[in-house]
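Please model the entire structure based on the sequences and the hints provided.
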Amino acid sequence: MKFELTEDQVAFGEAITDLMRASDSVAVARAWASGDTAPGVALWKRLADLGLTALVVPEDEGGLGGTLVDLVVAFEVLGRELAVGPWIESAALAPQLEGEMVTAAAAPLAPYAADAQVARLLSGVAGASHPSIDTTRSLTEVTGADAFDVAALDRAVLACAAQLVGAGERVLADSVTYVKQRKQFGREIGSYQAIKHQLADVRIALDFARPLVLGAALGEIPVSAAKVYASDAAYLAARTGLQVHGAIGYTAEFDLSLWLNRIRALVTAWGTPAYHRGRVLETLTGVAG
Numbered sequence: 001m002k003f004e005l006t007e008d009q010v011a012f013g014e015a016i017t018d019l020m021r022a023s024d025s026v027a028v029a030r031a032w033a034s035g036d037t038a039p040g041v042a043l044w045k046r047l048a049d050l051g052l053t054a055l056v057v058p059e060d061e062g063g064l065g066g067t068l069v070d071l072v073v074a075f076e077v078l079g080r081e082l083a084v085g086p087w088i089e090s091a092a093l094a095p096q097l098e099g100e101m102v103t104a105a106a107a108p109l110a111p112y113a114a115d116a117q118v119a120r121l122l123s124g125v126a127g128a129s130h131p132s133i134d135t136t137r138s139l140t141e142v143t144g145a146d147a148f149d150v151a152a153l154d155r156a157v158l159a160c161a162a163q164l165v166g167a168g169e170r171v172l173a174d175s176v177t178y179v180k181q182r183k184q185f186g187r188e189i190g191s192y193q194a195i196k197h198q199l200a201d202v203r204i205a206l207d208f209a210r211p212l213v214l215g216a217a218l219g220e221i222p223v224s225a226a227k228v229y230a231s232d233a234a235y236l237a238a239r240t241g242l243q244v245h246g247a248i249g250y251t252a253e254f255d256l257s258l259w260l261n262r263i264r265a266l267v268t269a270w271g272t273p274a275y276h277r278g279r280v281l282e283t284l285t286g287v288a289g
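For the record, in the sequence shown the residue sitting at position 52 is 52 according to my numbering, with numbers rising by one throughout.
Errors might be hidden in some of the hints.
The following label-pair restraints were derived from C-beta to C-beta distances [to be verified]:
no., residue 1, residue 2, range
1, Gln-181, Tyr-250, 14 to 20 angstroms
2, Glu-100, Thr-268, 22 to 28 angstroms
3, Gly-286, Ala-27, 47 to 53 angstroms
4, Gly-286, Ala-194, 40 to 46 angstroms
By construction, these hints were calculated from the structure, which means they are not laboratory data. Cβ coordinates follow ideal geometry from the N, Cα and C atoms, glycine included.
Laid out in structure tokens, this is it:
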């Protein structure tokens, strides 16, 4: 299956990338994790001004009238550039015309609401908060939350899958750069065949995952299949990235650790791999997994 983005889609992705890099999104993420949400809120407003939260709102309702492929383009960049805040909830699950930051719980896919300390809870009553392995995300228990329709939930799953692909791409890019610089036994470690093979496996996994995510956006592939493949590919990228970096890759001071923790959190967010494999099985056989 081959996909080619339009010039407008490429330009849209580049605009998001440029804005986030100009805003130093990594520094914003570190501030968010420490409890200083002001830089993150400011970046949110700038991205909302580009139309991200209203991307898939129909034009006759005042939105951009974008497609799900447009949504994938945006969320892959958000994953690659480490966006903070409840973007899945505000742009995919329940798109916000005015750019508001909202959050929600949607059991069983998302039993906790993300970033409820900053965002408006769409429904239900907030309870206890819990830490996440991803320090840039907080999780809050919610009781009495309203249910969402299948289309909304599938958009959220799709956005999560796209973020995973983007995060995996960032880890791969940083790992390739690192192995070209790090020397051991008088040689760049990237010159060793074993390292090349590991990184090539990640490249192949991501190249298989991206078409599935785009295929899900077009309705050709079950969204659960896209989430499974994106999770597996990103997790492979994270494991391989940590292996080639060594212990430094997981230290809090090293930026790679932010993406490693983000990937680990997103793999189980909006449905675990086991849940989505069961959903794919049900689609194929009619038998619940």
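Here is what the structure says about each hint:
{"no.": "1", "hint": "Gln-181 x Tyr-250: 14 to 20 angstroms", "in the structure": "18 angstroms, holds"}
{"no.": "2", "hint": "Glu-100 x Thr-268: 22 to 28 angstroms", "in the structure": "27 angstroms, holds"}
{"no.": "3", "hint": "Gly-286 x Ala-27: 47 to 53 angstroms", "in the structure": "50 angstroms, holds"}
{"no.": "4", "hint": "Gly-286 x Ala-194: 40 to 46 angstroms", "in the structure": "44 angstroms, holds"}
When each numbered hint is compared with the structure, no violation occurs for any of them.
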